[in-house]
Structure formats: structure tokens, C-alpha cells
Amino acid sequence: MIIENSPVILSVQNLTAAVEGIEIIKGLSLEIKAGEIHAIMGPNGSGKSTFSKVLAGHPDYTVTGGKVLYQGKNLLELEPEERAREGVFLAFQYPLEIPGVSNLDFLRVAYNAKRKHQELEEVDIFDFDDLVHERLEVVKMDPAFLERSVNEGFSGGEKKRNEILQMALLEPTLAILDETDSGLDIDALKIVANGVNQLMRPDNATLMITHYQRLLDYIVPDFIHVMQGGRILTTGGKELALELEAKGYDWLQEGELAEVTA
Amino acid sequence: MSIEVSTPNARPHSTGVDRDAVLKQWLTLRADLPQAPDWVQGVRDRALPLLQEQALPTLRDEDWRFTDLAPLYQVAWQAASPTGLQIGDLPLRTGLEGALQLICVNGFYAPHLSTTDSNLTVQSLTTLEPSLQPYLGQQPQAGDVFASLNTYSLSDVLVLRVPPNQSLEQPIHCLFITVGDLPIMAHPRLLVVAESGSVATLIEDYVSLGTAPVFTNAVSELFVAANATLNHVRLQRQSLDTFHIGKTGVTQAQDSHYRAFNLSWGAQISRHEPEVILQGAQTDTQLDGLTLAVGTQLADTHSAIAFQQPRCTARQLHKCIIDDRARAVFNGKIFVPKVAQETNAGQLSRNLLLSPKARVDTKPQLEIVADNVKCAHGATVSQLDADEVFYLQSRGLDHDSACDLLVNAFATEVIDKVPVPELRPALRQAILAQLHS
Ligand SMILES: Nc1ncnc2c1ncn2[C@@H]1O[C@H](COP(=O)(O)OP(=O)(O)OP(=O)(O)O)[C@@H](O)[C@H]1O
Ligand SMILES: [Mg+2]
Numbered sequence: 047m048i049i050e051n052s053p054v055i056l057s058v059q060n061l062t063a064a065v066e067g068i069e070i071i072k073g074l075s076l077e078i079k080a081g082e083i084h085a086i087m088g089p090n091g092s093g094k095s096t097f098s099k100v101l102a103g104h105p106d107y108t109v110t111g112g113k114v115l116y117q118g119k120n121l122l123e124l125e126p127e128e129r130a131r132e133g134v135f136l137a138f139q140y141p142l143e144i145p146g147v148s149n150l151d152f153l154r155v156a157y158n159a160k161r162k163h164q165e166l167e168e169v170d171i172f173d174f175d176d177l178v179h180e181r182l183e184v185v186k187m188d189p190a191f192l193e194r195s196v197n198e199g200f201s202g203g204e205k206k207r208n209e210i211l212q213m214a215l216l217e218p219t220l221a222i223l224d225e226t227d228s229g230l231d232i233d234a235l236k237i238v239a240n241g242v243n244q245l246m247r248p249d250n251a252t253l254m255i256t257h258y259q260r261l262l263d264y265i266v267p268d269f270i271h272v273m274q275g276g277r278i279l280t281t282g283g284k285e286l287a288l289e290l291e292a293k294g295y296d297w298l299q300e301g302e303l304a305e306v307t308a
Numbered sequence: 535m536s537i538e539v540s541t542p543n544a545r546p547h548s549t550g551v552d553r554d555a556v557l558k559q560w561l562t563l564r565a566d567l568p569q570a571p572d573w574v575q576g577v578r579d580r581a582l583p584l585l586q587e588q589a590l591p592t593l594r595d596e597d598w599r600f601t602d603l604a605p606l607y608q609v610a611w612q613a614a615s616p617t618g619l620q621i622g623d624l625p626l627r628t629g630l631e632g633a634l635q636l637i638c639v640n641g642f643y644a645p646h647l648s649t650t651d652s653n654l655t656v657q658s659l660t661t662l663e664p665s666l667q668p669y670l671g672q673q674p675q676a677g678d679v680f681a682s683l684n685t686y687s688l689s690d691v692l693v694l695r696v697p698p699n700q701s702l703e704q705p706i707h708c709l710f711i712t713v714g715d716l717p718i719m720a721h722p723r724l725l726v727v728a729e730s731g732s733v734a735t736l737i738e739d740y741v742s743l744g745t746a747p748v749f750t751n752a753v754s755e756l757f758v759a760a761n762a763t764l765n766h767v768r769l770q771r772q773s774l775d776t777f778h779i780g781k782t783g784v785t786q787a788q789d790s791h792y793r794a795f796n797l798s799w800g801a802q803i804s805r806h807e808p809e810v811i812l813q814g815a816q817t818d819t820q821l822d823g824l825t826l827a828v829g830t831q832l833a834d835t836h837s838a839i840a841f842q843q844p845r846c847t848a849r850q851l852h853k854c855i856i857d858d859r860a861r862a863v864f865n866g867k868i869f870v871p872k873v874a875q876e877t878n879a880g881q882l883s884r885n886l887l888l889s890p891k892a893r894v895d896t897k898p899q900l901e902i903v904a905d906n907v908k909c910a911h912g913a914t915v916s917q918l919d920a921d922e923v924f925y926l927q928s929r930g931l932d933h934d935s936a937c938d939l940l941v942n943a944f945a946t947e948v949i950d951k952v953p954v955p956e957l958r959p960a961l962r963q964a965i966l967a968q969l970h971s
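Going line by line, the protein sequences match chains A and B.
47 is the number of the first residue of the first sequence in my numbering; add one for each residue after it.
535 is the number of the first residue of the second sequence in my numbering; add one for each residue after it.
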């Protein structure tokens with residue numbers, strides 16, 4: 047939802063970033079305001095996941111130039127956990143399995159880390175149990191998944207749902223969903239999309255990375271950015287996705303940089 | 535048939551000490567031993583020729599090649615004596631409120647500090663029944679130099695007899711405390727006879743409270759009779775100026791179950807030798823271990839499982855967490871002779887290195903002669919996965935908490951199996967506390 051005069055949540059200015067000495071992000075600019083849903087599409091290897099990990103603060107990626115302001119502050123100088131506590135949430139394209147850490151404990155520790163940061167009282171096991179059961183509803187997840195180790199042995203779709211459960215608990219200001227739709231069956235996609243929509247508020251924003259129009263039918267973006275070779279090639283409204291679906295990426299020429307929507 | 539995984543690093547060198555002189559001096563320390571029944575004195579005395587045949591080990595001994603005891607040989611040890619420890623001085627009753635607690639101080643049973651139960655026969659040196667003759671000092675494993683030294687210097691022995699077909703509801707907590715302000719050498723001794731069909735859970739627990747260095751040279755002999763089940767949690771959490779050498783000699787009769795959980799995070803230099811002999815057929819053995827070594831600690835586990843009858847099963851999981859410049863050693867022997875057909879044995883050594891200077895030497899050692907057997911073994915050495923750490927950080931956990939959670943996850947596979955659930959949170963806490971110390 048585009049809201050007049052709503053505050054900027056994320057402002058990326060001419061960002062460049064490298065991994066193992068190879069530049070992957072090559073001058074990326076993007077602005078996301080409160081209330082908005084943005085989608086990034088683009089061919090495999092164009093740097094979408096890299097961009098999302100740079101935003102989350104993955105130590106393997108080095109920012110070599112440009113700026114990232116989050117709610118007006120320099121995001122890049124924050125530790126990954128500080129970004130998380132400040133409300134940046136990345137739903138991973140490939141969520142990790144962590145054997146031996148119970149999902150429930152993990153969720154509680156994460157939730158309390160944020161509470162503590164907000165100078166709120168940490169919730170105890172019992173109150174948290176109530177809360178988590180309520181949030182399970184958002185993604186219609188079986189409570190049995192709470193007892194298992196984080197993502198261990200989860201199916202691809204179950205892992206994605208678990209990511210959105212974490213999002214539902216942490217209530218981020220900026221949610222970055224990296225191919226959350228891939229691996230989800232049709233029913234699960236509807237459920238997860240519905241969950242994400244429920245979590246949208248006028249004071250938060252979502253950036254989703256996807257390859258498919260299908261997701262965008264359920265979570266309707268205000269802007270679609272096409273990424274290629276480490277930068278945004280063009281930006282349009284939701285109808286751009288249909289065009290991409292029909293024509294692929296080839297018709298978009300390098301250099302044909304569309305105006306970046308303010 | 536063995537694979538060996540060692541992380542590279544130089545071996546320490548023994549300094550030149552006269553080991554014969556050291557051993558001779560140690561033998562003189564038994565001068566003030568309390569009176570014991572004649573047959574017990576006989577057990578003590580029979581250890582002398584064994585000691586005279588042997589020498590204190592050095593790095594040149596194959597079984598000690600990673601564990602340098604030179605610092606142990608350099609201390610002027612004194613004989614341990616019972617001290618007037620008061621109940622108020624005792625740590626660690628927490629979490630085990632219902633357990634029977636039997637306490638030995640500096641190797642001497644302290645009945646005034648202990649709680650016992652009519653379903654369990656507890657004896658010590660002065661009350662030893664001659665019916666224990668087939669047991670005391672009879673474990674075939676107990677002939678090496680340190681175990682013989684313990685027998686020769688036998689100051690007291692804590693004896694537990696679980697009567698036939700008796701199931702003890704509560705765990706039995708045997709707390710071995712060393713305390714004092716002089717460097718003492720203590721020889722705690724535990725003898726457990728789990729009679730046929732009995733079920734019991736034993737917690738054997740070593741702590742040191744004193745201000746001076748301690749050498750704990752412990753021997754436990756456990757006899758698990760036919761159809762009996764013995765769960766055995768062994769905690770070694772002595773202070774960092776302790777040397778701990780411990781032998782657990784176990785024999786299992788037909789259809790018995792023995793499950794051991796050897797958890798160790800104490801002592802500057804420690805060595806534990808759990809050795810199980812499967813004298814009966816169809817036995818079931820579980821030998822799990824969790825070792826934490828930090829700072830400059832050296833923690834060595836040398837285990838052995840000797841199959842002697844057909845259709846026995848054994849599972850072993852030994853995990854080490856090693857930080858700083860610490861070092862862990864694991865050597866797991868499994869013997870499967872011709873008679874032990876249909877043996878099913880599995881051994882896994884898993885190691886987590888938390889620092890570039892931490893090291894581990896792990897060596898499964900399987901000697902299999904029987905042909906119709908299933909035996910598997912493996913060893914892994916890993917570090918914390920940077921992507922896992924990042925995943926946790928991306929959910930708001932700081933770096934250290936993320937690492938703690940992952941270390942805890944590594945340990946949990948052993949801790950979650952400890953058959954005393956009340957103990958588990960304390961174990962987790964103790965391990966993290968040690969890691970942060
Ligand atoms: N850690 C890394 N080491 C080496 N190369 C990397 C690393 N991470 C990413 N890359 C490279 O950076 C490029 C961009 O990868 P990225 O994962 O960001 O692509 P993507 O747009 O998310 O692709 P997909 O649509 O397939 O998910 C790829 O060529 C990839 O191989
Ligand atoms: Mg990707």
C-alpha cells in the first residue's frame with residue numbers, strides 16, 4: 047500500500063558488495079517506505095540473495111561502496127543481531143537446520159532478545175507458549191513442529207513456513223522474504239501469503255524476492271524491481287510481473303535503466 | 535582396522551623425572567592406613583607385586599602417548615586423611631533432592647554426611663563382609679599401575695549392594711569430595727554389586743573443594759549380574775588444580791544392561807578408563823561420554839569394551855568439546871573375539887573444536903575376529919558452522935549466545951539421555967559456565 051508522505055524505512059544508495067573478492071552487487075539503489083510491498087525479480091545469479099544477506103549482515107559479504115539507511119540510520123554499521131532486534135528480518139531462501147536446538151527454545155530466545163532490546167520484560171516459558179500457539183495460527187502450522195530441532199528434517203515447504211512463523215513472532219519492520227514461495231505447494235502458498243498479508247501494517251514494509259507471478263497474485267506488490275548483474279535494471283508496478291512472465295528477462299536491455307520510483 | 539584422526543600440533547615432552555623414585559615414594563604414603571579385615575589386607579598386599587612389575591607411564595607408552603603426566607610426578611603428594619567436613623560445607627545437593635547421597639571425603643566414607651535406605655546395603659572398610667571377597671579387587675581390568683596403586687593404598691571403600699530383583703526408584707548419588715590445604719593424593723574406591731534382576735541408577739560424582747592441588751586416583755568396580763540394569767552417570771568436575779585418574783571396571787553377566795554416561799569437565803589433567811567386559815551372552819551396553827576441555831586442560835578417555843559371548847550389543851557415543859589451547863584424547867577399543875558371534879557394536883567419536891589452538895586425538899580401535907558381526911565406527915572433528923551462527927544472529931541472538939546455543943546443541947545428544955532428568959539443566963549450565971570461565 048502506497049501511503050502519501052509515509053516515512054522511508056529502507057534507502058539503499060548505489061550499493062556495491064563483494065564476496066571473496068568478487069563484486070556481486072554493482073551499484074544498487076532502492077527506496078522502501080512504510081506500508082509498501084516491493085518485489086525483486088531477476089535471473090538466477092543476478093545477486094538477489096546476496097543483496098538480502100548484505101542487508102541482514104552476513105559476514106561473508108563485504109560492502110565496498112554506497113550506503114544503506116534503515117529508518118534513517120546507517121544499517122551497515124550494525125551487527126546482524128542488532129539489525130534483527132531493530133526490526134530487520136530475513137526469511138532465508140535456504141533456511142538452516144540446527145540439530146539439537148529445539149524450535150520452541152529457539153523461538154523463545156529470539157523473541158526475548160528482541161523484547162530485551164526494546165526494554166520490555168522477557169516472557170517466561172508459559173506466556174511464550176500461549177503466544178507461540180497463537181502465532182502458529184498465522185501459518186497454520188502443527189504445534190508438533192515446536193518440539194523438533196530447528197528445521198531438522200523439515201520438508202522444503204515446512205522450512206519456509208517455519209521462517210514465516212519466526213516472522214510472525216518477531217513482527218519485523220522490514221521483512222525480506224527470499225523465495226519464500228519456492229517449495230510451497232499451492233495450498234501452503236495461499237496460507238503463507240495470507241500470513242504475510244496479515245502481518246502487513248502501515249508502519250512496516252516487505253521486500254520479497256521471487257521468480258513467480260503466482261506469489262504476487264496473493265501478495266500484491268506496490269513495486270516490482272528487476273535485478274540483473276547486481277543492480278536494479280528496471281522498476282515498475284505489479285503489471286511488470288505479467289510482462290516478465292510472458293517475455294522473460296531478455297527484452298530488458300542492460301543500460302535501459304528505468305526511472306527509480308521515488 | 536582403525537582410523538585415526540589427529541589435529542596437528544606438537545606433542546609435549548616429558549621432563550626427566552625419576553619415575554621409579556616417584557612411585558616408591560607414593561607407596562610409602564600408605565603407612566597410616568586404617569585397620570581392615572585380614573582378607574582386605576590381603577587384597578591390598580597382592581597389589582604390591584603388580585606395582586613392582588610396572589612403571590609410571592610416560593609419553594613413550596603407546597597408551598599414554600598424548601597424555602603427559604610429568605606435572606603429576608613433580609608434586610610432593612601427601613597421604614589423604616578424612617577431615618571434619620560439615621554438612622553445611624557441602625555443595626550441590628540441588629536438583630537431586632530425593633536421591634540417596636553417600637559421601638566420601640578424601641576417599642573415606644562419611645556416614646554422618648550420608649543418607650541411606652533400607653533397600654540398599656551400604657558398607658565401608660570397617661564393616662566389609664567376607665561375602666564381598668569375590669568382588670573387591672577382582673575386576674580383571676584393575677591390574678594396571680594406577681588401579682594397583684589404589685588397591686595397595688586402599689584407605690576405604692564404598693560398597694553398594696542392590697539386592698536381587700530390587701528396583702531402586704531414586705538414584706544413588708555417590709559424592710567423592712577432596713578437600714584440604716595441602717597437596718593430597720586420594721584413592722577413592724567404589725564397589726557396586728547389582729544383583730540379578732535389580733534395577734538401579736548410580737551417580738558417581740567427583741568434586742574438589744580444597745585450596746591445594748589434589749591427585750584423585752579413583753577406581754570403581756561394577757558388577758552387573760544377570761538380568762540386572764545399572765544406569766551409571768559419572769561426573770568428573772574437580773577443580774582445575776586437580777589431577778584425576780579414574781578407572782571404571784565393569785563386568786556384565788548374561789542379559790544384563792549397563793548404560794554409562796561419563797561426563798567430564800574438571801581437572802587440569804584427567805584420564806578416564808571405562809572398561810566393560812561382557813562375560814554373559816545377550817548383554818546390552820551403552821557407553822556415552824561428554825568431555826569439555828578449556829584453557830590448558832587435557833582430558834583423556836581410553837575406553838574398552840571386551841565381548842566374550844555371543845549376541846551382545848554395545849553402543850558408544852563419545853563427544854568432546856575443546857576450546858582455547860585445551861586438548862582431548864579419545865581412544866576406544868572394542869574387542870570381538872571368535873566366540874562373540876552376532877555381536878552388534880557401534881562406536882562414534884564426535885569432536886567440536888572451538889578455537890584454532892584446540893586439539894583432539896581420537897582413535898577408534900576395533901579388533902574383530904568373529905565373522906558374523908555388525909560393527910561400525912566413525913570419528914568426526916568439526917567447528918561451529920558460521921552459517922548456523924549467522925542464522926541465529928539474524929534472529930537477534932548475539933554472537934556469544936548463538937555459539938552457546940550451538941555448543942549446547944552439540945552436548946545435548948548426550949545430556950538428554952542422562953537417565954536422571956533433574957540433572958540435565960545443571961549439566962548444561964555447568965558446561966556453559968566452564969566454557970565462559
Ligand atoms: N559465498 C559465495 N561465494 C562465491 N560466490 C558467491 C557466493 N555467494 C554468492 N555468490 C555468487 O554471486 C552470484 C549471485 O548469487 P545470488 O545467490 O545472490 O543469486 P540470486 O539472484 O539469489 O540467484 P537465485 O535466483 O538462483 O537464487 C552468483 O553468481 C553466486 O555464485
Ligand atoms: Mg537467491
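Be careful, since some hints might not be right.
To be verified - Okay, the calculated beta carbon distance ranges per label pair: (1) 119(A) x 914(B): 20 to 30 Å; (2) 202(A) x 745(B): 50 to 60 Å; (3) 117(A) x 891(B): 39 to 49 Å; (4) 653(B) x 140(A): 48 to 58 Å.
What the hints assert, rightly or not - Among the chain B residues that face chain A by a calculated CB cut under 7 Å, a handful are: (5) 607; (6) 610; (7) 897; (8) 915; (9) 917; (10) 922; (11) 924; (12) 928; (13) 930; (14) 932; (15) 934; (16) 939; (17) 946.
Stated by the list, open to error - Keeping only pairs whose Cα atoms sit at most 35 Å apart, straight-line, the calculated DSBU-like set for lysine-lysine is: (18) 908(B) x 162(A); (19) 186(A) x 113(A); (20) 284(A) x 72(A); (21) 186(A) x 951(B); (22) 891(B) x 867(B); (23) 558(B) x 951(B).
Hints listed in this document are in silico derivations from the structure and should not be mistaken for laboratory results.
Cβ atoms here follow ideal geometry from the backbone N, Cα and C, with glycine treated the same way.
Against the structure, the hints:
At about 43 Å, the beta-carbon gap between residue 119(A) and residue 914(B) misses the expected band of 20 to 30 Å. As the Cβ distance of residue 202(A) to residue 745(B) is approximately 58 Å, the hint placing it in 50 to 60 Å holds. A beta carbon spacing of about 42 Å between residue 117(A) and residue 891(B) agrees with the range 39 to 49 Å that was offered as a hint. For residue 653(B) and residue 140(A), the Cβ-Cβ distance of about 55 Å falls inside the hinted range of 48 to 58 Å, so the restraint holds.
For residue 607(B), the shortest C-beta to C-beta distance to chain A is roughly 40 Å, which exceeds 7 Å, and the interface hint is violated. Checking residue 610(B) against chain A by beta carbon gives a least distance of about 45 Å; that is not within 7 Å, so the hint is violated. Annotation: interface hint on residue 897(B) violated; nearest CB of chain A at approximately 25 Å, more than 7 Å. Proximity of residue 915(B) to chain A is violated relative to the hint, the smallest CB-CB distance being about 17 Å (cut-off 7 Å).
Interface restraint check for residue 917(B): the shortest CB-CB distance to chain A comes to about 15 Å, outside 7 Å, so the restraint is violated. With its C-beta approaching chain A no nearer than about 6 Å, residue 922(B) sits inside the 7 Å limit, and its interface hint holds. With its C-beta approaching chain A no nearer than about 6 Å, residue 924(B) sits inside the 7 Å limit, and its interface hint holds. Interface restraint check for residue 928(B): the shortest CB-CB distance to chain A comes to about 5 Å, inside 7 Å, so the restraint holds.
Hint status for residue 930(B) relative to chain A: holds, with the closest Cβ pair at about 4 Å, below 7 Å. The restraint placing residue 932(B) at the interface with chain A holds, with a minimum CB-CB distance near 5 Å, inside the 7 Å limit. Against a cut-off of 7 Å between C-beta atoms, the interface hint on residue 934(B) is violated, since the closest Cβ of chain A lies about 10 Å away. With a cut of 7 Å, the hint placing residue 939(B) at the interface with chain A holds, because the nearest CB-to-CB distance is about 6 Å.
Hint status for residue 946(B): holds, given a least beta-carbon distance of 5 Å to chain A, under 7 Å. Under the criterion of a C-alpha separation no larger than 35 Å, the hint pairing residue 908(B) with residue 162(A) is inconsistent with the structure, at around 52 Å. This hinted pair does not check out: residue 186(A) and residue 113(A) have alpha carbons roughly 38 Å apart, beyond 35 Å. Between residue 284(A) and residue 72(A), the direct Cα distance comes to roughly 25 Å. Compliance with the 35 Å bound is thereby established for this hinted pair.
Distance hint between residue 186(A) and residue 951(B) is fulfilled; the C-alpha atoms sit about 32 Å from each other, no more than 35 Å. For the suggested pair residue 891(B) and residue 867(B), the alpha carbons sit about 27 Å apart, so the restraint of at most 35 Å is met. Taking the CA atoms of residue 558(B) and residue 951(B), the gap is near 43 Å; set against the 35 Å cutoff, the hint is violated.
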